[in-house]
Every structure is written in C-alpha cells, then in structure tokens.
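Residue numbers (this note's numbering), protein chains in the order written: chain A, 46 to 361; chain B, 2 to 305.
Hints were generated in silico from the structure; no laboratory data involved.
The beta carbon of each residue, even a glycine, is placed where N, CA and C say it ideally should be.
Check each hint, because a few of them may be wrong.
As the list claims (entries may be wrong) - Some chain A residues well away from chain B (every beta-carbon gap over 12 Å; in silico):
id, residue
1, Leu51
2, His73
3, Gly123
4, Lys129
5, Gly134
6, Ala160
7, Leu228
8, Val260
9, Asn281
10, Glu305
11, Arg324
12, Val329
Said to hold, decoys possible - Some chain A residues well away from chain B (every beta-carbon gap over 10 Å; in silico):
id, residue
13, Arg95
14, Met114
15, Trp191
16, Trp206
17, Leu224
18, Arg276
19, Met317
20, Ala352
Said to hold, decoys possible - Not everything, but these chain A residues come out facing chain B in the computed CB check (under 10 Å):
id, residue
21, Leu173
22, Val195
23, Phe326
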Amino acid sequence: MALFLLRRLLLVGPVLLGVSLVVFAVLHISPGDPAEIMLGPQATHEDITRLRTELGLDEPLPVQYARWMGRVLQGDLGRSLWMKRPVLGEVLRRFQATVVLAASALLLSTLGGIALGVLSAARRNSLLDRLSALASLFGASMPSFWLGIVLMVIFALWLGWLPASGMFAPYGGGGVGDLLSHLVLPTVTLAAASLTIIARLTRSTMLDVLGQDFVRTARAKGVRESFVVVRHALRNALIPTVTVVGVQAGYLLGGAVLTETVFAWPGVGTLMVQGILARDFPLVQGCVLVIALGFVLVNLTVDVLYATLDPRIRRE
Amino acid sequence: MSDTAPAASGLAAPRAPVAIDGAARSRSVLRRYAGRNRLAVLGAGLLLAATLLAALAPWLPLADPDTVATARRLQPPLTPGHPLGTDEFGRDMLARLVWGARVSLLAGVATAAGSLLIGLVFGVLAGYRGGWAETILMRLTDVMMAFPYILLAIAIVAGLGPGLRNAMVAIAIVGFPLYARLVRGLVLSLREREFVEAARALGGRDRRILVRHLLPHLISPVVVAFSLDVGAKILATAGLSFLGLGTQPPTADWGSMLATARQFVVLRPHVALLPGLAIFVVVLALNLVGDALRDLLDPRTRQS
Numbered sequence: 046m047a048l049f050l051l052r053r054l055l056l057v058g059p060v061l062l063g064v065s066l067v068v069f070a071v072l073h074i075s076p077g078d079p080a081e082i083m084l085g086p087q088a089t090h091e092d093i094t095r096l097r098t099e100l101g102l103d104e105p106l107p108v109q110y111a112r113w114m115g116r117v118l119q120g121d122l123g124r125s126l127w128m129k130r131p132v133l134g135e136v137l138r139r140f141q142a143t144v145v146l147a148a149s150a151l152l153l154s155t156l157g158g159i160a161l162g163v164l165s166a167a168r169r170n171s172l173l174d175r176l177s178a179l180a181s182l183f184g185a186s187m188p189s190f191w192l193g194i195v196l197m198v199i200f201a202l203w204l205g206w207l208p209a210s211g212m213f214a215p216y217g218g219g220g221v222g223d224l225l226s227h228l229v230l231p232t233v234t235l236a237a238a239s240l241t242i243i244a245r246l247t248r249s250t251m252l253d254v255l256g257q258d259f260v261r262t263a264r265a266k267g268v269r270e271s272f273v274v275v276r277h278a279l280r281n282a283l284i285p286t287v288t289v290v291g292v293q294a295g296y297l298l299g300g301a302v303l304t305e306t307v308f309a310w311p312g313v314g315t316l317m318v319q320g321i322l323a324r325d326f327p328l329v330q331g332c333v334l335v336i337a338l339g340f341v342l343v344n345l346t347v348d349v350l351y352a353t354l355d356p357r358i359r360r361e
Numbered sequence: 002m003s004d005t006a007p008a009a010s011g012l013a014a015p016r017a018p019v020a021i022d023g024a025a026r027s028r029s030v031l032r033r034y035a036g037r038n039r040l041a042v043l044g045a046g047l048l049l050a051a052t053l054l055a056a057l058a059p060w061l062p063l064a065d066p067d068t069v070a071t072a073r074r075l076q077p078p079l080t081p082g083h084p085l086g087t088d089e090f091g092r093d094m095l096a097r098l099v100w101g102a103r104v105s106l107l108a109g110v111a112t113a114a115g116s117l118l119i120g121l122v123f124g125v126l127a128g129y130r131g132g133w134a135e136t137i138l139m140r141l142t143d144v145m146m147a148f149p150y151i152l153l154a155i156a157i158v159a160g161l162g163p164g165l166r167n168a169m170v171a172i173a174i175v176g177f178p179l180y181a182r183l184v185r186g187l188v189l190s191l192r193e194r195e196f197v198e199a200a201r202a203l204g205g206r207d208r209r210i211l212v213r214h215l216l217p218h219l220i221s222p223v224v225v226a227f228s229l230d231v232g233a234k235i236l237a238t239a240g241l242s243f244l245g246l247g248t249q250p251p252t253a254d255w256g257s258m259l260a261t262a263r264q265f266v267v268l269r270p271h272v273a274l275l276p277g278l279a280i281f282v283v284v285l286a287l288n289l290v291g292d293a294l295r296d297l298l299d300p301r302t303r304q305s
C-alpha cells in the first residue's frame with residue numbers, strides 16, 4: 046500500500062506541472078496584448094507600458110513562467126486588478142463556498158444514486174426502475190442551469206418554500222438552518238445529472254453481481270434477500286461506483302460554475318466569470334488554478350480509496 | 002441517417018464469415034429496429050423538425066427576431082401576434098427561438114466536428130505511428146483530463162476573449178481527447194489484424210493501408226461517438242453563452258436567451274422556461290438517436 050501511495054503521488058507531479066502550464070497559457074493565448082486587453086480601449090500608452098512591466102510581460106515567456114511559478118509556490122497569486130486586492134485570499138474565501146456546494150451535491154448524488162441503483166436492480170423492471178431509466182435519459186439531456194431555474198420558479202417563486210438565491214439571508218441570516226435552506230435548490234440542481242449516472246452504473250453492476258454464483262450460494266443457504274443484496278452484492282458492486290463517483294466529484298467542482306451563476310452562490314465559479322468579464326487575468330488564473338488543484342486532489346483521494354477497497358489494484 | 006446506416010453497418014460487421022447482401026440485410030434490421038424502438042423514431046422526427054425549422058427560418062412567416070418593441074415587453078404566451086409571448090425588449094419569443102436554433106444546432110455540430118477532426122488526426126497518428134505523436138497525445142490528454150471539462154473551456158475563452166466563435170474553438174479543443182483516445186485504441190487493435198498484415202505483405206504503402214483498410218473500420222464507432230457528442234456540445238455552448246462568455250447580444254441563441262431571461266423570471270417565467278425547454282428537447286432527441294445508432298452499428302451492445 047505504501048508503495049502504491051508513493052507511485053501515485055509521483056504521478057501528481059507531472060500533472061501539476063501541466064496544470065500550471067495551461068493556467069499560465071491562459072494569459073498568453075490571447076491574440077492581443079494582455080495589458081491592452083485588461084486596460085480597455087481608453088488606456089494611455091504609459092498605462093499599458095506600466096502594466097506590462099508590472100506583470101513582467103516584456104520578458105521572454107520561459108522567464109515569465111519561471112517568475113510566475115516561483116511566486117505561486119510562495120502563495121502569491123498576484124493582485125486582482127478589478128478588486129484591487131491580493132487574489133489568493135479572495136479566491137480561497139470563495140472556494141470554501143464552492144466546496145460546501147460541491148460536497149453536499151456529491152453526498153446527495155452518491156447516496157441517492159447508490160440507493161436508487163440498488164433498488165432498481167433488486168426490483169428490475171418495476172415502476173421505480175423505469176422511472177430511474179427515464180430520469181437518467183433526462184439527466185443527460187437537461188441543461189443543469191435550466192433545471193436550476195425551473196426549480197427556482199417552482200419552489201422559491203410559486204410555493205415560496207425555499208430562498209431563491211445567495212448563501213445566507215441578507216438580514217438576520219447566518220445560522221446553520223439558514224445555510225441549509227439556501228443550499229437545497231443549488232445542491233439538487235448540481236447533483237441531478239451525477240445522481241442519475243451513479244444510479245445507472247450501480248444498477249448494472251448490481252445486476253452483474255446478483256447473477257454470480259456466490260449470490261446463488263448465499264440464497265441457497267437461506268440468507269435473507271435484503272442481506273444478500275446489501276452485504277453480498279452491494280459490497281462488490283461498489284468498486285466501479287467509487288471510480289465514477291470520483292469522476293463526478295471533479296465534474297461537480299467544474300459544473301458548480303453554472304449552478305453558482307443561477308443561484309448567485311458566492312463561490313469561486315461566479316468570481317471567475319466576473320473576472321473574465323472584467324478582463325482580470327490574475328484573478329481568473331487564481332480561480333482556475335485553485336479549482337484544478339482541488340480536482341487533482343479529489344482524483345488522488347479517489348485512487349487511494351479505490352486501492353483500499355480493492356486489493357487487486359495495489360498489486361498492479 | 003438512413004442512407005449512411007446500411008453502408009456503415011455493413012462495415013461494422015467484419016466478423017461475419019459469409020458475405021450476405023449487406024445493404025438488404027441492414028435495411029431489414031433497420032425496419033425491425035424502428036418498429037421496436039419508437040423513442041428513437043420520435044427523436045429522429047423531433048431532430049428533423051428542429052433542423053428544418055432552423056434551416057428555413059428566413060423564409061418562415063416569423064416576426065423579426067431583433068426588432069425591439071418596448072411597449073410590448075414581457076407579454077405572456079398566446080398574445081395575439083406573439084404565440085409564445087415576447088421577451089424583455091418586446092422581441093418575439095417564437096422568432097428568437099427559431100433563429101436561436103440555427104446558432105445552437107450549428108454550434109453543436111461544428112464544435113463536435115472540430116473535436117472529431119483534431120481527434121481523428123491525433124488518434125490515427127498515435128495509434129499507427131506511435132512515437133512522438135503518441136507521447137504528446139497521451140501527456141496532453143492527461144493534463145487536459147486534470148481539468149473539469151467546462152473549466153478548461155472557460156479558461157480558454159478567458160484567454161481568447163468572450164464571443165461565440167471563441168467559445169466554439171474552446172469547446173472543440175477541450176473535446177478532442179475523447180475522439181483521439183477512441184481512434185487510437187481502435188487503430189492499435191486493427192493494426193495487428195490479418196487483413197492489415199496481408200495488405201502490407203502485398204506491398205501496400207502506409208497511406209494506402211490507412212485510407213483503404215483502416216479508415217472504413219473507424220467510421221461506425223466514430224459516427225456513434227459523434228452523434229452522442231453533438232448533444233453534449235450543444236449543452237456546453239449553451240452553458241458558456243449562459244455565463245455570458247459565448248454568443249453576445251443581440252444575437253439570439255438559446256443559452257444567452259436563458260441568461261438574460263434569468264432576471265425576468267420572477268415577472269414572466271416563460272422567457273426562461275422556453276429556451277431551456279428547446280435545448281432540452283433537442284438534446285434529448287439527439288441522445289435518443291445516438292443511443293439507437295449505437296445499438297444499430299455496434300452489434301455487441303444490441304442485446305442489452
């Protein structure tokens with residue numbers, strides 16, 4: 046296990062290097078001069094020159110990359126031109142809100158998906174099974190941001206049960222209950238597509254496992270059906286599910302951008318979009334870097350979890 | 002689809018030991034299949050309707066999609082003269098939806114085709130030649146997969162600047178590893194097959210082997226991947242437009258219509274519900290057709 050961990054950690058290095066190159070490139074693939082783009086058409090020549098020197102844009106690209114990388118490693122992501130504040134603090138503060146949203150969506154999609162998948166497999170072709178098949182078809186075709194708007198119209202505007210946007214009530218909010226009530230609609234919106242994917246996968250692996258000999262043996266021994274499904278079959282069916290949950294975790298971090306925009310959730314996604322529209326490159330780089338780092342960490346965790354669950358992986 | 006399916010599915014069954022009349026057999030398979038899978042037929046019908054509407058938009062008796070009439074803003078559906086109501090500038094919703102279909106459908110097909118082309122070239126090079134093409138491709142894919150899909154597209158748009166063309170470029174780039182990996186895998190296994198060996202033994206050159214012997218085998222899996230990908234690409238472009246990074250006003254596009262409508266959803270939900278419904282229906286139709294094509298062209302999944 047230690048060897049597996051070490052080897053997996055060594056793989057993170059090149060990926061992080063690639064991630065940093067891509068994030069760096071974001072500033073430099075722009076066809077024009079980044080300083081000119083950031084300052085807009087009214088900028089004077091002096092302003093542009095000053096910003097160019099400030100950002101080090103007058104130096105060769107490898108030098109710029111090395112400088113930038115050196116600063117990033119020291120935790121300096123530069124200053125936001127738009128907010129006139131250091132990027133790191135702002136991005137980390139917003140990232141917490143994103144993590145809250147993505148984590149609750151991951152929890153909902155995993156638990157809900159596994160439960161739905163197990164029930165559909167145990168009662169194959171039942172009404173529930175058919176509904177879940179229909180839901181997965183819808184889940185793959187529905188724009189998540191539209192689902193968010195539909196939910197908002199129904200539950201916030203028409204029924205008035207839940208708040209329509211934000212993370213806390215503007216007046217007198219701030220408690221856990223307040224957070225939870227604001228969290229419901231964004232969580233459901235973000236989790237919906239992943240939930241149906243996890244449910245379909247769990248269903249098909251469960252059906253595979255339920256058809257195997259050891260399950261028949263267990264049944265023949267007179268083991269109760271619920272025990273067979275949960276203790277014998279589900280444990281074995283969970284392994285592929287863990288992989289897809291990992292993929293979904295990354296998707297949720299990225300997909301959160303759209304959900305955050307729908308519900309004005311104060312996460313790093315909305316910050317990034319504002320940064321792009323304000324042409325604030327340091328801010329955008331900071332946001333992309335933090336989300337990508339989070340994604341790499343999630344993937345690492347999933348691989349370790351996978352190896353813990355399935356001893357065969359470790360020996361490869 | 003019906004004129005490509007017989008030829009392609011004839012190629013998709015290289016395992017068949019006896020050559021039966023491929024086209025005739027495929028036609029009967031198609032007919033039996035259509036009878037069994039009503040949903041796919043429904044999907045194909047919806048898709049055809051949407052494509053026709055989009056293609057014929059300039060000749061349809063529609064209001065001008067960009068004409069502003071502030072006095073008649075946010076009219077509900079079934080208003081005389083505006084069957085689906087008007088938006089926040091009093092522009093006709095039906096006209097904007099139909100014109101928006103042109104942008105959304107074209108963007109979906111074009112970006113998927115872009116990813117396919119880049120992926121096909123990279124995949125064939127990596128699979129057939131190996132060497133540097135393979136190393137670059139695999140490392141590049143590793144790094145690209147270290148980003149959530151939409152995040153990378155957003156990052157590229159951030160660099161290029163918001164706009165529909167840049168959003169499409171970003172989505173096409175982000176999507177190519179999917180095809181590259183698929184094609185590489187197929188070529189790797191085909192390369193070792195006897196018929197390729199035979200072609201080489203007969204003195205066939207690489208280019209001839211690639212074009213005459215390998216490419217035909219790639220058609221049906223790539224067509225299936227493409228048909229399922231167009232829907233995903235429509236969702237992605239709509240997503241970027243929704244964030245304000247794709248289509249810019251006043252051009253009608255389903256994603257950007259949703260984005261601006263969000264502020265008026267309290268007053269008139271239809272302005273936000275209709276464009277989303279349009280995306281949903283079209284992508285659903287694409288997925289139904291794509292699933293059906295996969296079942297039809299890939300005999301291994303036909304049973305399941």
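How the hints compare with the structure:
With a least beta-carbon separation of about 19 Å from chain B, Leu51(A) lies farther than 12 Å from that chain, consistent with its non-interface assignment. Not every C-beta of chain B lies more than 12 Å from that of His73(A), the closest at about 7 Å, which undercuts listing it as non-interface. Distance to chain B confirms Gly123(A) as a non-interface residue, since its nearest Cβ pair spans about 15 Å, more than 12 Å. For Lys129(A), the requirement that its beta carbon stay farther than 12 Å from each beta carbon of chain B is met, with the minimum near 20 Å.
Against the 12 Å criterion, Gly134(A) stays outside the reach of chain B, whose nearest CB is about 21 Å from its own CB. With a least CB separation of 23 Å from chain B, Ala160(A) remains clear of the 12 Å interface cut-off, as annotated. No beta-carbon of chain B is positioned within 12 Å of the beta-carbon of Leu228(A); the least distance is around 20 Å. Separation of Val260(A) from chain B is adequate, the least Cβ-Cβ distance of about 20 Å exceeding the 12 Å criterion.
Distance check for Asn281(A) against chain B: the nearest CB is about 20 Å away, which clears 12 Å, and the non-interface claim stands. The claim that Glu305(A) is not at the interface with chain B is violated, since a C-beta of that chain comes within 12 Å of its own (minimum 10 Å). With a least CB separation of 8 Å from chain B, Arg324(A) falls inside the 12 Å interface cut-off, contrary to its annotation. Not every beta carbon of chain B lies more than 12 Å from that of Val329(A), the smallest distance being close to 5 Å; the non-interface claim is violated.
Here Arg95(A) stays apart from chain B, with its beta-carbon at least about 22 Å from theirs, past the 10 Å limit. For Met114(A), the requirement that its beta carbon stay farther than 10 Å from each beta carbon of chain B is met, with the minimum near 15 Å. The Cβ of Trp191(A) sits about 3 Å from the closest Cβ of chain B, inside the 10 Å cut-off, so the non-interface label is violated. Non-interface status of Trp206(A) relative to chain B is upheld: no Cβ of that chain comes within 10 Å, the nearest being about 16 Å off.
At the 10 Å boundary, the C-beta of Leu224(A) stays outside the reach of chain B, the nearest C-beta of that chain being 23 Å off. Every Cβ of chain B is farther than 10 Å from the Cβ of Arg276(A); the closest lies at roughly 27 Å, confirming the non-interface assignment. For Met317(A), the condition that its CB be more than 10 Å from all CB atoms of chain B is violated, with the nearest at approximately 7 Å. The Cβ of Ala352(A) lies farther than 10 Å from every Cβ of chain B, with a closest approach of about 19 Å, so its non-interface assignment holds.
Restraint check, Leu173(A) versus chain B: the minimum CB separation of about 19 Å is more than 10 Å; hint violated. With a least beta-carbon distance of about 7 Å to chain B, the hint placing Val195(A) at the interface is held under the 10 Å criterion. Because the closest C-beta pair between Phe326(A) and chain B is about 8 Å apart, less than 10 Å, the hint holds.
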